[in-house]
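Visitor: Letter by letter, the chains look like this.
Number of protein chains: 2
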Amino acid sequence: MRRIIFLLVAVATLAGVVGFTATASRHAADEAAPIFVKEIPAGYRDWRLVSVAHEEGNLKDIRAILGNDSAIDTYREGKLPFPDGAIIGRIAWSHVPSEENNKVFGREQSFVAGAEPPWYLQFMVKDSKKYAATGGWGYAQFDKDGKPGPESDLKKCFPCHQAIKDRDFVFTRYTP
Amino acid sequence: MRRIIFLLVAVATLAGVVGFTATASRHAADEAAPIFVKEIPAGYRDWRLVSVAHEEGNLKDIRAILGNDSAIDTYREGKLPFPDGAIIGRIAWSHVPSEENNKVFGREQSFVAGAEPPWYLQFMVKDSKKYAATGGWGYAQFDKDGKPGPESDLKKCFPCHQAIKDRDFVFTRYTP
Chain A
1477 MRRIIFLLVA
1487 VATLAGVVGF
1497 TATASRHAAD
1507 EAAPIFVKEI
1517 PAGYRDWRLV
1527 SVAHEEGNLK
1537 DIRAILGNDS
1547 AIDTYREGKL
1557 PFPDGAIIGR
1567 IAWSHVPSEE
1577 NNKVFGREQS
1587 FVAGAEPPWY
1597 LQFMVKDSKK
1607 YAATGGWGYA
1617 QFDKDGKPGP
1627 ESDLKKCFPC
1637 HQAIKDRDFV
1647 FTRYTP
Chain B
1477 MRRIIFLLVA
1487 VATLAGVVGF
1497 TATASRHAAD
1507 EAAPIFVKEI
1517 PAGYRDWRLV
1527 SVAHEEGNLK
1537 DIRAILGNDS
1547 AIDTYREGKL
1557 PFPDGAIIGR
1567 IAWSHVPSEE
1577 NNKVFGREQS
1587 FVAGAEPPWY
1597 LQFMVKDSKK
1607 YAATGGWGYA
1617 QFDKDGKPGP
1627 ESDLKKCFPC
1637 HQAIKDRDFV
1647 FTRYTP
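Protein chains in written order, with our numbering: chain A, 1477 to 1652; chain B, 1477 to 1652.
For the record, the hints were derived by calculation from the structure and aren't laboratory data. Misleading hints may appear alongside valid ones.
Repeated chains share a single entry, so a pair holds when one copy, or any two copies, can fit it.
No farther apart than 25 Å at their CA atoms in a straight line, the calculated lysine to any residue pairs in the SDA-like style are these [claimed, not checked]:
| id | residue 1 | residue 2 |
| --- | --- | --- |
| 1 | K1605 | P1517 |
| 2 | K1536 | N1577 |
| 3 | K1536 | E1592 |
| 4 | K1536 | R1583 |
| 5 | K1620 | Q1585 |
| 6 | K1536 | T1651 |
| 7 | K1631 | G1582 |
| 8 | K1632 | E1584 |
| 9 | K1620 | D1549 |
| 10 | K1641 | E1575 |
| 11 | K1579 | R1649 |
| 12 | K1620 | R1524 |
| 13 | K1623 | G1590 |
| 14 | K1536 | E1584 |
| 15 | K1555 | E1575 |
| 16 | K1579 | F1634 |
| 17 | K1631 | E1575 |
| 18 | K1555 | E1576 |
| 19 | K1631 | N1577 |
| 20 | K1536 | F1581 |
| 21 | K1555 | K1641 |
| 22 | K1536 | V1580 |
| 23 | K1536 | K1579 |
| 24 | K1631 | Q1585 |
Please model the entire structure based on the sequences and the hints provided.
Guide: Printed below as a string of structure tokens:
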């Protein structure tokens, strides 16, 4: 009798463990940890221009948004979502006055791209399977030495980009 | 005798006219009227990025400077002057606040590329013979409908660009 009780308890425990594991797995699939891009996409500086922007506040930068061929084609066709393989890059430079230009203009009006801030390069890489946990996009940031940004920073990407889920999570609009 | 005097006067007059014409031609060669570029260079929107800038004052625009392959190669090699065939393009858009971005940032800090101002597109086309009168560069401006800017505006290009003759008359520096 003891042996039977022991077996029953053992089976019940095992079932419980399996059941718990299965639940935990499903939970992990729903809220998987985001995966970040760890390498600078090759050749990004040769990509075509999507648009430009200027950030004040704590950033004080001027930026160019570039896209690889797949991203540019998608922008121009206006057909969302971006396909797997599309990559959007963002280069930021300090927003600095140009003494040289101001002298020619005869007034303080001209700002140009200066040094690279710590958030110099950012990328969004589309891979709907690999980056399923973050809307199909992998996020990346690199400083001028190619060092990836801290994960604590990268974790902030997707929550903000969710604000524009209906544009496939991409803020920048293409300007002809 | 009358006939001889008439001939002498005729020859002297003719010589004078020829002499005057020759002088005028030399004068024209020294201070030739600038020749402006009348057509938008094909495919410019696919060119690679040189840098970005922002103009306040009366312009209030944000701009991207692009270069064709020859221009980009020259920039990257750092070997001036630019060769014949190099073209540098400048696209300007109104510098407008982005309500959408500001909402996400939680503060007024974000500016993006808006509508096309009348000085939407500008180009410098290198042809050391054709544009010899203006430092080897032909200048052009177009609005969003492709209409060339007034010659009175274009005449202002070269005098300003002379300030940077030692950089082959090109203001914008390449930013990696």
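Visitor: All hints, please: hold or fail.
Guide: Evaluation of the provided hints:
1. Only within a single protomer do K1605 and P1517 lie at most 25 Å apart by alpha-carbon distance; the minimum there is 18 Å, versus 41 Å between protomers.
2. In the homo-oligomer, the alpha carbons of K1536 and N1577 lie at most 25 Å apart both inside one protomer (19 Å) and across protomers (15 Å), since each shortest distance falls under that limit.
3. For the homomeric pair K1536 and E1592, the shortest alpha-carbon distances inside one copy (11 Å) and between copies (24 Å) are both at most 25 Å.
4. For a Cα distance limit of 25 Å, the shortest separation of K1536 from R1583 qualifies both inside one copy, at 21 Å, and across copies, at 13 Å.
5. In this homomeric assembly, K1620 and Q1585 come within 25 Å of each other (Cα to Cα) only across copies, at 24 Å, whereas the closest approach inside a single copy is 28 Å.
6. In this assembly of identical chains, the alpha carbons of K1536 and T1651 lie at most 25 Å apart whether taken from the same copy (22 Å) or from different copies (17 Å).
7. For the identical chains of this complex, K1631 and G1582 are inter-copy neighbours only, at 18 Å across copies versus 45 Å inside a copy, given an alpha-carbon limit of 25 Å.
8. In this assembly of identical chains, the alpha carbons of K1632 and E1584 lie at most 25 Å apart only when taken from different copies (19 Å versus 36 Å within one copy).
9. For the identical chains of this complex, K1620 and D1549 are inter-copy neighbours only, at 22 Å across copies versus 28 Å inside a copy, given an alpha-carbon limit of 25 Å.
10. Taking the closest pair of Cα atoms, K1641 and E1575 come within 25 Å of each other only across two copies (17 Å); inside a single copy the shortest separation is 41 Å, beyond that limit.
11. Taking CA atoms no more than 25 Å apart as the test, K1579 paired with R1649 passes between copies only; the shortest distance there is 16 Å, against 34 Å inside one copy.
12. When the C-alpha separation of K1620 and R1524 is checked against a cutoff of 25 Å, the pair qualifies both within a copy, at 20 Å, and between copies, at 20 Å.
13. Taking identical chains as interchangeable, the C-alpha atoms of K1623 and G1590 lie at most 25 Å apart only when both belong to the same chain, with a minimum of 19 Å there against 33 Å between chains.
14. In this homomeric assembly, K1536 and E1584 come within 25 Å of each other (Cα to Cα) both inside a single copy, at 17 Å, and across copies, at 12 Å.
15. Taking identical chains as interchangeable, the C-alpha atoms of K1555 and E1575 lie at most 25 Å apart only when they sit on different chains, with a minimum of 24 Å there against 43 Å within one chain.
16. In the homo-oligomer, the alpha carbons of K1579 and F1634 lie at most 25 Å apart only across protomers (15 Å), although the nearest pairing inside one protomer, at 43 Å, exceeds that limit.
17. When the C-alpha separation of K1631 and E1575 is checked against a cutoff of 25 Å, the pair qualifies only between copies, where the shortest distance is 23 Å, while the shortest distance within a copy is 38 Å.
18. With identical chains, the CA atoms of K1555 and E1576 are at most 25 Å apart between copies only, with a shortest distance of 21 Å across copies and 43 Å within one.
19. Taking the shortest Cα distances, K1631 and N1577 sit within 25 Å of each other only across copies (18 Å), while inside one copy they are farther apart (39 Å).
20. For a Cα distance limit of 25 Å, the shortest separation of K1536 from F1581 qualifies both inside one copy, at 23 Å, and across copies, at 14 Å.
21. Within a single copy, K1555 and K1641 get their C-alpha atoms as close as 14 Å, which meets the 25 Å cut-off; across copies the closest is 46 Å, which misses it.
22. Within a single copy, K1536 and V1580 get their C-alpha atoms as close as 24 Å, and across copies as close as 17 Å, so both meet the 25 Å cut-off.
23. With identical chains, the CA atoms of K1536 and K1579 are at most 25 Å apart both within one copy (23 Å) and between copies (18 Å).
24. For a Cα distance limit of 25 Å, the shortest separation of K1631 from Q1585 across copies, 21 Å, qualifies, whereas the shortest one inside one copy, 37 Å, does not.
The earlier numbered hints are all upheld by this structure, with none contradicted.
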